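S.K.: Can you build the whole structure from these sequences, using the hints too?
Number of protein chains: 2
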Amino acid sequence: MLFFTQCFGAVLDLIHLRFQHYKAKRVFSAAGQLVCVVNPTHSLKYAPTRCAAAQASTEQGILSPCHHHEAAHDPQLVPCTCPLFSCPWEGHLEVVVPHLRQTHRINILQGAEIVFLATDMHLPAPTDWIIMHSCLGHQFLLVLRKQEKYEGHPQFFATMMLIGTPTQADNFTYRLELNRNQRRLKWEATPRSILECVDSVISDGDCLVLNTSLAQLFSDNGSLAIGIAITTSKVHSSEAEM
Amino acid sequence: MLFFTQCFGAVLDLIHLRFQHYKAKRVFSAAGQLVCVVNPTHSLKYAPTRCAAAQASTEQGILSPCHHHEAAHDPQLVPCTCPLFSCPWEGHLEVVVPHLRQTHRINILQGAEIVFLATDMHLPAPTDWIIMHSCLGHQFLLVLRKQEKYEGHPQFFATMMLIGTPTQADNFTYRLELNRNQRRLKWEATPRSILECVDSVISDGDCLVLNTSLAQLFSDNGSLAIGIAITTSKVHSSEAEM
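Residue numbers (my numbering), protein chains in the order written: chain A, 1 to 242; chain B, 243 to 484.
Just so you know, these hints were derived from the structure itself, not from any lab.
These numbers were taken from a predicted model, which means no experiment stands behind them.
Here a beta-carbon is modelled for each residue, glycine too, at the ideal position from N, C-alpha and C.
It is possible that part of the hints are untrue.
[Unchecked claim] Taking lysine-lysine and the DSS-like style, the derived pairs with C-alpha atoms no more than 30 Å apart in a straight line are: (1) LYS391(B) <-> LYS428(B); (2) LYS186(A) <-> LYS149(A); (3) LYS391(B) <-> LYS186(A); (4) LYS186(A) <-> LYS428(B); (5) LYS391(B) <-> LYS149(A); (6) LYS428(B) <-> LYS149(A).
[Unchecked claim] Quick look at which bits of chain B chain A covers, simulated, 3 or more residues with Cβ under 8 Å: (7) 419-426; (8) 429-443; (9) 455-469.
M.R.: Next up, the structure:
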């Protein structure tokens, strides 16, 4: 009997997943893009000040990893970038992807344009939705974070990081697009390198930022569909570098 | 001597204005758009709860003006929409434009695409930057507001209102675009009618919202250039109306 109950639960889950997939497909149907349902990563081990020490040196133009040890540190070592896990792992850039896949079970998707469908947006902050994205010969990490920058006022922050160096990151442009209810919001920027801290990118606000009310306007039944596109950088003729 | 000092001050002001105009032109040079320098409208008479009574009825689908009087009210009368003036004026839709121009000295610009250059972004909240925009046979009101929705955390809200009815507003789409430092942020939506309260649009967060940090990333020397485009509505094929 218990077996049948479990089977029935699993079938219900599958139907729910299929329904979410279908909804996301409807949202971005014109593009025929790959839709990925991303469940939240929620951990009580959240350490918001993890990067505080590293931020000062990053602001001075010195690239340093987020974790600082008493011993001399190899600047090419990357700390685990899975933001809410407080994972003590460190490794070279080349082994970040296998670590994220194997240890943290983060999915990796292929294709220049995908739809990231974050579920359960109502969950309390801090919560992260994370996925890896492989295209144009590189791997990128998309992080959507719900965080209370100001107590009692959760906001959503979305950014794309290149699993590579800042010089490599400068060759790309990423676009995040929300599109629902006759409203459209687009954010385009150069991805940051994973050698910089995702925490500092978010605390600087240098990413797509959504208030709860805007997130609700764009979400459907507790899920937020974000269209993602990555291209190689072109010089924006209409843009001034001042 | 005083005369020459005043003349010198006026010349300096003109040079400053010309410089800002030049900078805005550089930002959006490719489009060859009209650039309008908009100085802030700052008033101590701010009455944030002005629309509170009207909001409840608007949410129930009943369109009502923001000012309520004890006597029976003509629903076609529009209160003065200049948000920070607490102006007691009321009038029919046809005379809103002359009132805003004559009483509040709000400029009106022609053209489907313009650049709105808001100066002095550092001024404390509440502050508004307002302009009228005439195109496609209608007049629109662009309001950029700096407001502390959460105490101590000012945000910028930008929205476009049609000086017309909600049915007329449904025929248009407006786009606001920020573009600087290899970052681009676009907001597209249907304009709201001026018969709805600008205060309630902003409190609902149904507009372009910028945190102070994002506003700083997009502004240059205390000025924020917003590209504005208005088009007649097309059905977004990639959009789902759920």
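S.K.: Would you mind marking each hint as holding or not holding in the structure?
M.R.: Structure-based check of each hint:
{"no.": "1", "hint": "LYS391(B) <-> LYS428(B)", "verdict": "holds (22 Å)"}
{"no.": "2", "hint": "LYS186(A) <-> LYS149(A)", "verdict": "holds (22 Å)"}
{"no.": "3", "hint": "LYS391(B) <-> LYS186(A)", "verdict": "holds (23 Å)"}
{"no.": "4", "hint": "LYS186(A) <-> LYS428(B)", "verdict": "holds (5 Å)"}
{"no.": "5", "hint": "LYS391(B) <-> LYS149(A)", "verdict": "holds (14 Å)"}
{"no.": "6", "hint": "LYS428(B) <-> LYS149(A)", "verdict": "holds (23 Å)"}
{"no.": "7", "hint": "419-426", "verdict": "holds (count 6)"}
{"no.": "8", "hint": "429-443", "verdict": "holds (count 4)"}
{"no.": "9", "hint": "455-469", "verdict": "holds (count 4)"}
Of the numbered hints given earlier, the model fails none.
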